[in-house]
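Asks: Each chain is listed here by its residues.
Protein chains: 2
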Amino acid sequence: MIGGLGRSSAAPLCAERRLLCSLFLAAALFGAASAATRRHDWDISYQFTSPDCVRKLAVTINGHTPGPTIRAVQGDTIVVNVKNSLLTENVAIHWHGIRQIGTPWADGTEGVTQCPILPGDTFTYTFVVDRPGTYMYHAHYGMQRSAGLNGMIVVEVAAGAGGAGEREPFRYDREHTVLLNDWWHRSTYEQAAGLASVPMVWVGEPQSLLINGRGRFVNCSSAAATAASCNVSHPDCAPAVFAVVPGKTYRFRIASVTSLSALNFEIEGHEMTVVEADGHYVKPFVVKNLNIYSGETYSVLITADQDPNRNYWLASNVVSRKPATPTGTAILTYYGGRSSPRARPPTPPPAGPAWNDTAYRVRQSLATVAHPAHAVAPPASSERTILLLNTQNKIDGRIKWALNNVSFTLPHTPYLVAMKRGLLGAFDQRPPPETYDGLAAYDVYAVQKNPNATTSDAPYRLRFGSVVDVVLQNANMLAANNSETHPWHLHGHDFWVLGYGAGRFDPAVHPATYNLKDPIMKNTVAVHPFGWTALRFRADNPGVWAFHCHIEAHFFMGMGIVFEEGVERVGDLPPEIMGCGKTRGDH
Amino acid sequence: MIGGLGRSSAAPLCAERRLLCSLFLAAALFGAASAATRRHDWDISYQFTSPDCVRKLAVTINGHTPGPTIRAVQGDTIVVNVKNSLLTENVAIHWHGIRQIGTPWADGTEGVTQCPILPGDTFTYTFVVDRPGTYMYHAHYGMQRSAGLNGMIVVEVAAGAGGAGEREPFRYDREHTVLLNDWWHRSTYEQAAGLASVPMVWVGEPQSLLINGRGRFVNCSSAAATAASCNVSHPDCAPAVFAVVPGKTYRFRIASVTSLSALNFEIEGHEMTVVEADGHYVKPFVVKNLNIYSGETYSVLITADQDPNRNYWLASNVVSRKPATPTGTAILTYYGGRSSPRARPPTPPPAGPAWNDTAYRVRQSLATVAHPAHAVAPPASSERTILLLNTQNKIDGRIKWALNNVSFTLPHTPYLVAMKRGLLGAFDQRPPPETYDGLAAYDVYAVQKNPNATTSDAPYRLRFGSVVDVVLQNANMLAANNSETHPWHLHGHDFWVLGYGAGRFDPAVHPATYNLKDPIMKNTVAVHPFGWTALRFRADNPGVWAFHCHIEAHFFMGMGIVFEEGVERVGDLPPEIMGCGKTRGDH
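Residue numbers (UniProt numbering), protein chains in the order written: chain A, 1 to 587; chain B, 1 to 587.
Here chain A stands alone, though its shape is the one from the complex:
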């Protein structure tokens, strides 16, 4: 259940002065005494960077990629003034995991909640971070996220009697943030143009894996790398170093903003206790290494109890797709130890589990349930189930991804504006399919017989306040014996993860197996190869919200949908989100 901003009693009060209203309600919800406003001025520009020692133009924030970590306390208001200095390219920034209660126009999703920010313009994102946890931000426009515009958001529990603070169900002494990414040497323009070409040109496996924006391209002496200026002593690609005090317990806040790769993350020699996922407390469990999909965040605890006189690897390895990219590495070092902080550990970096050990990864998914003291019971039933068959399809010579054979395209008039204004023709008004043909007979282990699909930008419109189930059904791709892991991300909500299964979902059988006792709430969840994932959410956040595979190329190729709920309860829209499509010259 979310706060009161969407309620009809609050709406009239807030109609006139959106921003003040949001701030006022935020203060009311979380305690006026402790809530602060944290302002950031960001200049977005292209800069030459060398994250993996190869020089490449990247989209930076104040000259850096990744951007700064936003730190705040639950209930704070974040104000980010985003100046677009990309010269000819627009931008939009999504605050991934922040539900934007009362501020649906600040979700930063181009085509859904706003028009893009033009070069020379400054757009101000103002929103409340209503829940503690580990989140991230990244560009949400075309394939711009892959160009380097990303960073982390850390929201602390509010302290003191005046706030709505809560104790966290675990203790630690200090913390580190770890942002995982994959990296290509080709520009995102080239990647996107390839995907849009006939025949389609796939982006391929990444050249490098980055930890906090730092990696190492192994083939630096190749012709291509030489031509592209590979410099192994460039300061941009010095490995990230995480220093720990012996005996202390550390919280590692880990986020994956990869464009493509599912990763396995390990801290050599240090077991990890998983305590948080996507801002929700997990019933603690211990792992040697952590599977993390694009769009997910985790907190793990480690104790610095190993030999302090040597260093240890932090390692990220590709899983789920056959790896063609070397292990991404960083260094864990002990304060006071005899090893130089930057010294290469004496052992080879951990290689992670077998890339195709799906069962191993499913076990982690199943182990991730709510902490007993923080479990939020899901509604016992839902009034609507949307079953989405995830398939690879062909349209006009291009490979696409589709849900129930509908490949999603973003409109150029944001839904939020189009719906509030009743702009006809801004998007397909026909309801998209709730399920797929031949549900009972579909062979998810076989190549789809008819790969033809259609494109549409039709949204799913939900009854405000209703409980909705979504079952994401994976299947074989266009190539035989192949099914990928898709990390699906929902904007504007957290959902309960009710269950995972192998093979075809049976609506008559599987709902009875749902975990209604202690399901974890998340905003991003994996759909495992050949399997299904069931989730539930309450459509109680007025706005329009994207729901999509977080693999950048997959969403670009149509793997997403949009939900609308209670848009009539949304207050006056800020004119700054308009200016494109049918809102050109509108306000």
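Derived by calculation from the structure, the hints in this document are not laboratory data.
Hints are supplied without guarantee of correctness; some may be wrong.
If several chains are the same, the list does not tell them apart, and a pair holds so long as it fits within one copy or across any two.
Stated by the list, open to error - Using 27 angstroms as the maximum straight-line C-alpha spacing, the simulated BS3-like pairs for lysine-lysine come out as follows:
#1 394 to 83
#2 582 to 420
#3 83 to 582
#4 248 to 288
#5 449 to 394
#6 449 to 322
#7 322 to 394
#8 322 to 288
#9 283 to 248
Nothing here was measured: the structure is a model prediction, and the numbers come from that model.
Could you slot chain B onto chain A? The hints should help.
Replies: Same frame as chain A, but now just chain B:
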């Protein structure tokens, strides 16, 4: 003197329905019977192309670079529906040489006459081609022109009694179009980011010279070329072939859209008679080869009177800057000759004149005067002279170009809208300098003593209908003994070229040397190294008009100004040109 659209009598009539009004007046001016409307639908997208055999992402029109030649008859209305499919990048297209009488909002100059066209949006350019001649179009946004969005416009003389047709003062049997360009393998993003970096990174000399979009990178086996996919048998880089019928006279319409290079163009073994420059008839003169600067167009006549059994080179060579780029070539072949049309000519391509033979190029400039039967006498005097010292300067660690030590920056609210609406703060309201300090003592052959400059977006506001002189004074750059050729292009007007001189312009002496008898009218003119060029125009076209060096990087680095005249006479602005800067959410 231009047509009546800007006159106050026409303005009220046209206030309500701009487009119909323009069409009506165009018809009235040029004869309703013959004027046609020519519609084009253009889809602008990135495509992989290999113009010089090296694969590169280019901005294309309907998949091609260069784009289609627009062909029309004097008085026709051109309608171009421009759909932006660049995914995340905006676009704007300038119709170079078309004065946009009555349609100043269709000039396609981002920041001056319109907001850029957003991805997904379609913008319609509607304008009348009021004079016959050879023109071009190209992107006019950031450095986008360099990415491949360019093409030619050919306007024929109106025929028949019903039209305002005029006979051309020369005869020919057939014609060819020749579009000259230079080409880089680095993306325009990389070029622009380099120019905007501290320290500034210069774009360097082009990798290839293109004729009708085709060239040949010579170093195809180098590491860089291999990495970038160099394929000498790619159909995109098959040389352009110009076939001629023996004995016939051909008009070659030549345009240069280069980003940087001054060129010398030659058709091996065939003397050229220059008959047109920038849409104006020239007193014919014969050359072995033709110097052509970026933004210029020429028509030359050749007679196909050589041995038809061999082929001949068309050659373009860099002049004015020390060449580091091989000769650009194409092939002239005779119909019915014994040579294969694509066969390499037996002789080496013409190497052009010495690159630093400034006197040779000045002679051509001086020889280019109006055809006696078509000379338009300039006003005998002007009421205002703006003297612009062209210098290289340093600002905040970057090298810039400046006029009178003011380096131009484009605002993000188009002047045309800001001025019509009185939007305060959209641009610097203080008048920019009319001359430079130390005029009488300035040593144009020496490095400027104080290279510091300021930036400004202040426009020059002209009294409507007034006659204005501009003297462009060249000088030494930041490096000793160095001065470049700058091709200055004026939007919205043709100007009379009154004179050229070496060294420092003396206002007490040189105006007496002006050619007031038969000066050619042009829209682009060279300012030769260490010299000055004087021009005159009548400020009688209501609107806001850019005037800038046509070298893409130079304008990007501040080498331009903006004129306003009679903006109060401009009719209602189309809302489609708004949506950025202070016009976001405006109409």
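Asks: Run every hint past the structure and note whether it holds.
Replies: Comparing the hints with the structure gives:
1. 394 to 83: Close across copies (24 angstroms), not inside one copy (39 angstroms); limit 27 angstroms.
2. 582 to 420: Both. Shortest intra-copy (13 angstroms) and inter-copy (24 angstroms) distances satisfy the 27 angstroms Cα cut-off.
3. 83 to 582: Result: close both inside a copy and across copies, 24 angstroms intra and 14 angstroms inter.
4. 248 to 288: The answer is within: 19 angstroms in one copy meets 27 angstroms, while 83 angstroms across copies does not.
5. 449 to 394: Classified as within; 12 angstroms inside a copy, 65 angstroms across copies.
6. 449 to 322: within (25 angstroms within a copy, 62 angstroms between copies)
7. 322 to 394: This pair counts as within: shortest intra-copy Cα distance 23 angstroms, inter-copy 51 angstroms.
8. 322 to 288: within (21 angstroms within a copy, 63 angstroms between copies)
9. 283 to 248: within (22 angstroms within a copy, 89 angstroms between copies)
Consistency note: the structure conflicts with none of the earlier hints.
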